[in-house]
Amino acid sequence: MKTVIVEPRQFFIWTFGLTVGTSVLVIPSSLAMTAREDAWIAALVGTAINLLMVLLYVVISRQYPGMSWFEIMEAALGRWLGKLAGGFYLFYFLILAGTLLGNLGFFLTSEILTETPIEAIQLLFLAAVVFAARLGIAAFARVGELLFPWIVFFSLSLILALLPQTEWTYIQPVLEDGWGPALQAGFHSAMFQELVVLMVFLPLTKQSGQTARHYFQAAGLGGLLLTSIVLLSVLVLGIEQAANSTFPAYALAKTISLGDFIQRTEGVLIALWILSFFVKTMLLVFAQLQGLQSLFRLRSYHHLIYPLAALILIVAWNTYLDSIYVAEIIQKVWANYSFVHLVVFPVLILVVGAFRGKRRRRVT
Amino acid sequence: MENRTRSRAWILIALLISLSALLSGCWSKRELNELGVVVAMGIDLHPRGYKVTAQIVNFKDAGKHNTSDVMSVVTYQAAGESVPEALQRMLSEVPRQLYMSHLRVLVFGEAMARQGLTDVLDFVARNHQFRTDFPLLVAHRSEAADILRVVTPIESIPANSLFSSILVSSKKWAATGRITLQQFITQLDRGGSDPVLSGVEVVGDKTSGTTDKIWHTLKPNAMIHHSGLAIFKRDKLVGWLKEQGSKTVNYLLNDVYTTNASFKCPDDEKQAISMQLQWVKSRIDVVLKGEELSGFNVNVYAEANLDSVQCPMDISQSAAISAIERKLEERIVDVFDQHVSKIQKRYDVDIFGLGEVLHRRHPKVWKKYKSDWDKHFKEVDVTIRAQVKLRRVGSIVQPLKKDMMNR
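Same order as they appear, the protein sequences are chains A and B.
Numbering-wise (the numbering used here), the first sequence opens with residue 12 and increments by one.
Numbering-wise (the numbering used here), the second sequence opens with residue 3 and increments by one.
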């Protein structure tokens with residue numbers, strides 16, 4: 012598998028897609044609920060936390076050069092413990108991919124295609140995922156390059172078209188209840204970008220120095236895009252509606268009206284979310300395939316694509332019961348669950364790696 | 003090898019055939035000839051709950067300039083315990099599926115508005131077909147159904163007529179409000195401000211307005227007329243403002259684009275000087291005394307252009323210009339003072355959003371007043387200051403009357 016080579020530029024696009032995908036659609040409401048007028052500060056805090064996590068991951072990758080995340084865990088925790096931890100990550104990625112698919116289906120069926128069965132939409136999306144998975148990582152990396160200009164174009168047009176409607180007093184007062192709510196919301200939102208997924212793909216790139224730099228830049232840039240969408244949600248919708256919308260970014264797109272002439276663009280801007288969903292789902296699918304391959308020492312993962320797709324669909328149907336249930340899970344459970352995989356395990360590995368490195372140095 | 007290519011060919015054929023299943027189109031397709039496009043909706047109270055009136059475009063004629071004798075719209079009516087139920091019931095009369103995304107205006111009957119709008123707005127905000135950018139209106143002294151049953155001249159679709167007259171009048175006249183669903187809901191949920199909505203009424207004979215006879219007369223005997231702003235306490239209508247009061251509110255809400263202002267001539271009470279105001283801006287500042295609220299300062303700034311002068315005064319001196327400016331400033335302060343204190347005394351609802359300003363600027367002070375803001379609003383000092391700059395006098399300098407008298 013190591014023969015596939017991913018350009019640093021393609022890695023940049025992946026990181027960006029992973030940061031923005033889905034978060035852009037749902038994050039504003041939970042931020043506005045906790046941090047109120049300071050939702051944008053919370054989004055910046057979230058970005059900073061994400062960057063710290065990327066720093067953590069890059070340091071770990073320096074300790075174990077050329078290894079993917081699953082291999083690192085085996086090397087650090089020992090074979091069986093490492094495989095167990097790898098299993099946890101596989102499950103984490105599976106749940107993530109499933110909820111993404113569920114989220115996509117719910118979004119489309121509640122806002123646009125209300126009479127279409129949710130299963131039809133999810134199957135169609137999954138068909139594209141399977142198709143892309145069969146073509147392999149290198150092809151998907153190039154698809155990313157094709158999609159990226161569109162993601163940028165749609166995000167920029169969303170932001171620029173909304174500027175005339177901003178009401179700057181809506182973000183006042185700043186820090187009414189101090190930093191507490193902003194930090195809390197920021198920490199909470201940082202648990203939804205799942206940048207650890209990219210550790211599976213890091214060894215596929217050649218110039219690791221440049222890739223690490225792109226890892227940072229894309230996480231930062233994606234965070235800035237999230238921040239500006241959050242800021243716009245508050246500036247245009249006001250916190251009351253931003254917090255009470257099921258899909259605030261879509262509600263935002265609905266309000267676009269340039270000179271009473273360019274209106275009703277939300278149907279086009281949906282492409283932004285679907286494209287970023289696609290990038291994120293694909294990365295999770297490839298991460299699982301790679302993980303399965305390395306945990307069970309398989310020669311190829313091609314025969315696993317269909318079963319995995321079926322599994323994701325089943326997870327989607329059984330986790331995304333209704334939007335209120337999911338919102339509750341997201342508020343109460345998910346951040347902590349995610350925290351274990353995004354911070355606790357990596358820190359553990361870092362500490363173990365540091366000890367081993369010391370011991371190795373002493374031996375030599 | 004050959005076997006393999008053959009089986010591949012079979013798979014391909016099977017795939018192609020299965021694709022034909024997709025040719026029927028998607029589940030959520032909506033053909034134009036199956037849709038009843040609702041352009042205006044009116045909601046009134048009814049013993050059963052709500053009575054919904056919908057104005058639906060008659061596609062046979064829409065688009066053409068009303069040359070044929072078919073009406074461009076038809077109104078339907080149905081009642082139900084909730085608005086969606088009434089809309090469902092309406093399908094027993096309407097031959098098409100109702101489509102809400104092109105709604106231009108939503109009108110509430112006065113009785114309905116007095117009872118409260120939240121229950122209906124919940125449906126409108128929740129349903130995915132409704133957009134959030136159409137204006138809400140209240141029928142003044144009548145039912146919403148009456149408003150939607152008047153045929154309008156010039157614009158053959160009455161909903162469009164209502165919509166564009168709201169746009170034009172709020173931009174040029176400033177005594178109406180273009181308050182959209184989104185703005186209304188935001189103000190409803192927010193502490194320290196109460197919403198207003200624009201009012202409409204039918205002037206003339208309500209029953210004769212329903213036929214296209216209006217298109218064949220120079221002076222229609224029924225017209226829709228914009229009638230000031232409706233004041234809400236939370237979601238309930240509590241009173242109406244007339245022209246000057248509405249303008250005052252719009253000035254303070256910074257919603258005035260251009261408008262007209264006039265005052266009496268210095269030496270003739272019957273004549274007036276009238277001006278067009280542009281670039282109107284107002285700024286509300288909080289005055290604190292230590293940690294206590296002592297009042298609000300409202301600064302109004304406007305640029306004026308001379309529109310008509312009916313008094314024989316000498317305009318060619320810059321002293322005259324500044325005299326006019328001072329006079330207009332006085333007049334603005336007078337009118338605003340009068341209406342602001344009237345709204346404070348009579349309604350005790352903060353439609354100016356003063357509480358909101360206090361909250362945004364001084365969150366700590368706001369906490370003390372938050373719980374009983376309505377009471378504080380009633381007694382708070384509002385000082386109005388105006389600054390007017392007369393920039394242009396128009397195409398002639400001296401008043402015609404002066405030239406005529408000097409002859």
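Calculated from the structure, these hints are not laboratory results.
Where is the CB? At the ideal position from N, CA and C, for every residue including glycine.
Check before you lean on any hint, since a few could be wrong.
Ranges of calculated distance between the beta carbons of each label pair, as one might list FRET restraints [what the hints assert, rightly or not]: (1) B:Gln389 / A:Pro160: 45 to 53 Å; (2) A:Arg153 / B:Ala11: 26 to 34 Å; (3) A:Leu171 / B:Leu17: 19 to 27 Å; (4) B:Ile398 / A:Pro160: 41 to 49 Å; (5) A:Phe198 / B:His227: 52 to 60 Å; (6) B:Asp287 / A:Leu171: 52 to 60 Å; (7) B:Arg6 / A:Ile325: 43 to 51 Å; (8) B:Lys372 / A:Phe102: 42 to 50 Å; (9) B:Leu17 / A:Leu95: 39 to 47 Å; (10) A:Asp333 / B:Lys366: 55 to 63 Å.
Verification of the supplied hints:
1. B:Gln389 / A:Pro160: 45 to 53 Å: 50 Å, holds
2. A:Arg153 / B:Ala11: 26 to 34 Å: Holds, at about 29 Å.
3. A:Leu171 / B:Leu17: 19 to 27 Å: Since the Cβ atoms of A:Leu171 and B:Leu17 sit about 42 Å apart, the hinted range of 19 to 27 Å is violated.
4. B:Ile398 / A:Pro160: 41 to 49 Å: 58 Å, violated
5. A:Phe198 / B:His227: 52 to 60 Å: Check passed, 56 Å falls within 52 to 60 Å.
6. B:Asp287 / A:Leu171: 52 to 60 Å: Check failed, 32 Å falls outside 52 to 60 Å.
7. B:Arg6 / A:Ile325: 43 to 51 Å: 32 Å, violated
8. B:Lys372 / A:Phe102: 42 to 50 Å: Distance hint for B:Lys372, A:Phe102 holds at roughly 47 Å.
9. B:Leu17 / A:Leu95: 39 to 47 Å: At roughly 42 Å between Cβ atoms, A:Leu95 and B:Leu17 fall inside 39 to 47 Å, so the hint holds.
10. A:Asp333 / B:Lys366: 55 to 63 Å: The hinted range 55 to 63 Å is violated for A:Asp333 and B:Lys366, with Cβ atoms some 40 Å apart.
Comparing the model with each earlier hint shows violations of hints 3, 4, 6, 7 and 10; every other hint is respected.
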